[in-house]
Every structure is written in C-alpha cells, then in structure tokens.
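**Student:** Given only the sequences and the hints, what does the whole structure look like? Please build it.
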Amino acid sequence: MGVIPETAFEDMINVLCKAGRTEQACKLADGIVDRGREVPGRVRTILINALRKAGNADLAMKLMHSKIGIGYDRMGSIKRRVKFRVLVDRLMAPALHPCPL
Numbered sequence: 001m002g003v004i005p006e007t008a009f010e011d012m013i014n015v016l017c018k019a020g021r022t023e024q025a026c027k028l029a030d031g032i033v034d035r036g037r038e039v040p041g042r043v044r045t046i047l048i049n050a051l052r053k054a055g056n057a058d059l060a061m062k063l064m065h066s067k068i069g070i071g072y073d074r075m076g077s078i079k080r081r082v083k084f085r086v087l088v089d090r091l092m093a094p095a096l097h098p099c100p101l
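So for the sequence shown, my numbering puts the first residue at 1; every next one is plus one.
Hints were generated in silico from the structure; no laboratory data involved.
Hints are supplied without guarantee of correctness; some may be wrong.
Unchecked claim - Straight-line distance between alpha carbons at most 30 Å, and here's what the computed BS3-like set of lysine-lysine pairs gives:
hint, residue 1, residue 2
1, Lys53, Lys18
2, Lys27, Lys62
3, Lys27, Lys53
4, Lys62, Lys18
**Tutor:** Next up, the structure:
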C-alpha cells in the first residue's frame with residue numbers, strides 16, 4: 001500500500017497550519033493546484049481556520065468567498081488557476097509598505 005498524495009498533502013498542510021506557518025501551507029496548497037488538481041474542501045477549511053485563529057479574519061473571509069484552488073479565474077478569454085499565494089501576497093503587501101503619516 002502506497003502513500004495517498006491528497007491525504008499526505010492534507011496532513012502536511014494541517015501540521016504547518018497548527019505550527020502557525022500558514023504562508024508555507026499556502027505554498028504547499030499551490031503545489032496541488034500546480035499539479036492540475038482542485039484543493040479538497042477539507043484543506044480549504046484547515047487554511048481558513050488557521051488564518052482565523054492567527055488573527056487574519058479578513059484574509060480568512062476572502063479565502064472563504066473566493067474560488068482559489070477550486071476552479072479557474074477568467075481573464076478575458078484566458079482561464080488560469082488562481083493560487084493561494086496571490087491572496088496571501090495581497091494581504092502582506094500593505095504590511096510591508098505602510099502608508100506614511
């Protein structure tokens with residue numbers, strides 16, 4: 001009996017989220033998307049709960065209402081996979097470059 005990739009990804013993402021390493025968990029979830037698979041709902045729930053517990057309620061709500069990892073985003077006639085890192089980068093960008101007072 002071999003390792004089931006979806007379960008292995010889910011377990012690794014769960015451990016990373018429990019350790020507070022949501023950014024690395026998002027990179028791992030993007031690995032699922034890069035392989036052409038959709039992210040299971042359980043994994044999305046794990047990421048949403050981890051973000052919420054880490055104090056990123058806004059990001060958790062955006063992830064909950066987005067189609068990241070569960071389909072395609074249409075831009076004109078081009079379909080492209082949306083990645084978890086896009087959402088995390090959009091949240092972290094204002095923190096790295098705060099507005100001057």
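**Student:** The structure should be examined with respect to each hint, and the outcome stated for every one.
**Tutor:** Against the structure, the hints come out as follows:
no. : hint             : result
1   : Lys53 with Lys18 : holds, 10 Å
2   : Lys27 with Lys62 : holds, 17 Å
3   : Lys27 with Lys53 : holds, 19 Å
4   : Lys62 with Lys18 : holds, 20 Å
In this structure, every one of the numbered hints holds.
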